[in-house]
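Trainee: Given next are the chains, with one letter for each unit.
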Amino acid sequence: MIIGLDVGGTTIDTVAIENGKVVAFKKFERGRSLIDSALESLNQFISKEMISNLERITLSTTVTTNAIVQNNLDKVGMIIENGIGANPEFLMCGDMNFFADGYINNRGIEINPVNIESVKSALQSFKQEGIENLGIVGKFSVRNPQHELSVFKAAKEYNFKFVSVGYKLSGKLNFPRRVFSTYLNCAVYSTFNMFYKSILTFSQERKIPLEKIFIQKPDGGIVNLQNIESFPIFSILSGPAASAQGGFVLSNFAKNAIIIDIGGTTTDIAFLSNGNLVLEPYGAKIGKYPTLVRAIYSRSVGLGAESIVKIVDDTVKIGPETKRWYEKGKNEFITFYDVLQFSNSCHESPINAGLKSLSSQLNMSQENFCKLVISRAVSMIEEKIKEGIEYINNLPVYTINKLLYGEKFAPQKIILIGGPAELLKPHLENELKIKVEVPKHYMVANAIGCAIGSISKEYNLVADTIQGKMVIPELNIYQSIPADFTIDQAKKVLIEKVLECREAKNQDDVEIVDESSFNMIRSFKFCGRMIRIKAQLKPKLLNLRD
Amino acid sequence: MLKAKNSLGLILFPAFDWRISPTHPEREERLLYTIDQIEEEGLFDYENIKIYNPEMIESKYIEMTHFCIPAISSIVTVSHKIAAGSAITIAKKVLSKEVEKGFALIRPPGHHAHRITYGDRGFCIINNEAIMVEYLRKEYKIKKIAIIDTDCHHGDGTQDIFWNDKDVLFISLHQDGTTLYPGTGFTDEMGGPSAIGYTLNLPLPPYTSDEGFLYCLDNLIIPVLEEFKPDIIINSAGQDNHYSDPLTNMNFSAQGYAKLTEKLSPNISVLEGGYSIESALPYVNLGIIFAFAGIDYSNIKEPDYNPERLKQSQRTTDYIKRLCEHVYSIWKSKEEREYNIKMANQDYYVRKKSIYYDTMGFRENQLEKIKICKKCSGLILIDSLCLGYRVLAIVIPHDACNDCENEGHKLFENTEVGDYSHILLQDKKSFEFFRKPL
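Residue numbers (the numbering used here), protein chains in the order written: chain A, 1035 to 1580; chain B, 256 to 693.
Treat each hint with caution, since some may be false.
What the hints assert, rightly or not - From the structure, some residues in chain B lie toward chain A, with a derived Cβ separation under 7 Å: (1) 269; (2) 287; (3) 288; (4) 329; (5) 332; (6) 660; (7) 664.
Said to hold, decoys possible - Listed next, with one range per pair, are the computed distances between beta-carbon atoms: (8) 1558/A with 394/B: 51 to 59 Å; (9) 277/B with 1152/A: 40 to 48 Å; (10) 1264/A with 315/B: 38 to 46 Å; (11) 1556/A with 673/B: 39 to 47 Å; (12) 461/B with 1417/A: 18 to 26 Å; (13) 461/B with 1438/A: 40 to 48 Å; (14) 461/B with 1513/A: 38 to 46 Å; (15) 1574/A with 272/B: 39 to 47 Å; (16) 630/B with 1556/A: 53 to 61 Å; (17) 644/B with 1550/A: 36 to 44 Å.
Rather than coming from a laboratory, the hints here were simulated on the basis of the structure. Nothing here was measured: the structure is a model prediction, and the numbers come from that model. No residue lacks a Cβ here, since even glycine has one placed at the ideal position from N, Cα and C.
Modelling step: build the complete structure from the supplied sequences, incorporating the hints.
Mentor: As structure tokens, this is what we get:
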């Protein structure tokens, strides 16, 4: 049995899946304390029988995201080796920042060494200021992490509580994002640790081994709670990932589609292109920080079932403010859900007084007023869909082949999930002139998405035969290669290494998604090859049978 | 998200799957490290730096710029079409005000491609900037255009195309033609009879450093631009003046390129040459992009940058000073020179040209005749011999008077194919292209 739990803005959704079938689900009201109410919901949901044949529990939570948004963060000291490039002042995200000298170039060659003595005195002053979390980041460290590692080594004698090095967070190039990701990874440490400890207590109380507890990552993958301890940042923004994945699975693995999840407070839109969920090219943006945290690309609209409908300057405004039903005085507020319901049934209901008052302000009938509100909401969604499609189709390409023959993303349908999906469906279909599918279990699709998540990862191999070196930053591999190393050998090695690290079970799980080999010419002579391979684990999502 | 001072549009098209030959300087690896540097610098994250994919150019714009012999389809490759298309894409983005400035980092380059082109010269087949100019005039009705060519090689192709066109001011800074390909670009090349002084050449001695380039900018280019008052400034941004470039002998640095870009402040730059792909391009391109976007570039220096070692000699400094004075005097005396030349050549102004195709190893011989006309810049007739072809190329200029226009069409109609393999007419006034035999 697999159990998924998704903490949303309004509710906590839980689901149990057994033999590819949804056997139980429940929505819980979210209370004031996020961790407490999540664990309480889980406690209520999980019966003894479930535990006896439990395969895993996957949690999707907003604990760390909230900590960042609410600026509830630990103090962090940052050692940044900026090298050549932009003026580094904008990178001063830590509470104390030290810019180390030293430079590693784009091929991973050391140009200037790092001055460890000056770093040590910076570490000393971090400690004196009571800073316990340390981030270490260097430019081009994913091509050669030597400088980050020597700072890491030097930091050992100062006994920081938590230390994070940039190159381990992602194999992608993007120095500012590496700095911000490392900083955030350190800054959410205490929050995550608190969450971690609560789950630990829960697992002990309910006698669920920790190996069975997983966290949903923002790229749709899942990671064991124990493995995420050094990377608390990977637990951010899991909500959109859960809903995108849920929609994907429930619609029987469509090829090109848009997945729309209409929740209580927001509507999240994800894109499915050629059978894969579209990812952010570099990573998620968290609060004000762009990061390298791999994430599903999604657009969000401040529009949900509980969005308040108002009239401002003679025009209809929906959201982003929300009111929950129990907070709402009778007839006091009209929410988007009320409008959808009225439009669907036109029945007299307690909301009519409120609706009447709003529609009369615009001299309209209630029916027409509802039409107007819905059409306004649909166009808010449509705008984001268009933005997303344009964005995906304009992602830079670097080869003639891709420019001329690359497939353009053209969605065939919308997969609509979330509480009000059934009510919204006809309106989306009519106005956007596209097939809209509301799958079974649309109410708890996110929890299903969270439950069925699989391990998803990307690997970048860069081999430079002049230097005789090969790096796979994601697997922490930096090793020598012969001068006649070829692209075919590189592909083989990459797959082997992924298998060795037990991140894939067999060769077919690893897919090469990008490959190139450049002849390197120095003084008009061939002197080596620059080989670049990108591979990914093929996500293996559970096939639901109903 | 980060925000730059100026909004900037970029086309980054390294054409990773195209090359001339495996060891050719213009090869797949050329922009690889630049893209790495740009990615690592997080340039894609600046909210007002926008990256665009290039479009494929329409043949019409090639036809209105070049006479491709034997035909566009047989000499112009897909990658050349994309490079020229990039120039058009970036022009659209700037002219529609989607961005304030634009920079197309593309390959292959184009500034050695002449009006008549039989193939590859200096890695160029069609002229990216010249095609963009035709596009800007046709689609945006832009009149006065300045092209500043900062590639280390003389921009002979661009010079040829706008030789007799007063609306296009062409200034080229380059390593002295006695020491470098293509061996042209001396101060006495100053334009055709109707555009004397609108072609200005600054042949610089080998080992000119930042100081020399910036001197030319402050003391010649910027004053001339202020007087010419162009509607748009285009930079043919070759990056082979760099001290580490393997094909040239200059001492320009990334800091120098950034300062030059900041001072010149072109509306659009298009990458030309630059073959120090590892030691120069990542830093030079980043410097130019930062200068364009108004981001502080003071921290962008090549790892081995040493301004003392790159200092130019006093002799070079003195020479460049005299050179700028001389070229400025050409600019100042352009009306007088035009009058003299038109008096001396009553009917047609004739020049013989011999153009060497270095990458392909053949030579073209041309006889170019420009009509001396009081009402317009004059009809152009070119008789070209190369590779067994004989071409009669007729150009009706944009500003053509009715007489020149009619004469051009009559000549096209009445000339029998006979000895010619191609009779071609470019009517720039009506934006039409005609060929014989069909």
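Trainee: With a cut-off of 7 Å on the beta carbons, see whether residue 664/B makes it to chain A.
Mentor: violated (37 Å)
Trainee: With a cut-off of 7 Å on the beta carbons, see whether residue 329/B makes it to chain A.
Mentor: Result: violated, 19 Å to nearest chain A Cβ.
Trainee: Kindly confirm whether 36 to 44 Å is satisfied by the beta carbon distance between residue 644/B and residue 1550/A.
Mentor: holds (39 Å)
Trainee: Using the beta carbons of residue 277/B and residue 1152/A, state whether their distance is inside 40 to 48 Å or not.
Mentor: Distance hint for residue 277/B, residue 1152/A holds at roughly 45 Å.
Trainee: Hint validation: residue 332/B versus chain A, beta carbon distance must be below 7 Å. Holds or violated?
Mentor: violated (9 Å)
Trainee: Take a look at whether the Cβ-Cβ distance between residue 1264/A and residue 315/B falls inside 38 to 46 Å.
Mentor: violated (59 Å)
Trainee: Starting from the hint 40 to 48 Å, judge whether the C-beta atoms of residue 461/B and residue 1438/A obey it.
Mentor: With Cβ atoms ~41 Å apart, the hint holds.
Trainee: That 53 to 61 Å hint for residue 630/B and residue 1556/A (C-beta), does it hold up?
Mentor: holds (57 Å)
Trainee: Hint validation: residue 287/B versus chain A, beta carbon distance must be below 7 Å. Holds or violated?
Mentor: Check passed: Cβ of residue 287/B comes within 6 Å of chain A, closer than 7 Å.
Trainee: Would you say the C-beta atoms of residue 1574/A and residue 272/B sit inside 39 to 47 Å of each other?
Mentor: violated (32 Å)
Trainee: Is the shortest C-beta separation between residue 269/B and chain A less than 7 Å?
Mentor: This interface hint holds because 5 Å falls under the 7 Å limit.
Trainee: Okay, residue 461/B versus residue 1417/A on CB: inside 18 to 26 Å?
Mentor: violated (57 Å)
Checked against the numbered hints given earlier, this structure breaks hints 4, 5, 6, 7, 8, 10, 11, 12, 15; the rest are met.
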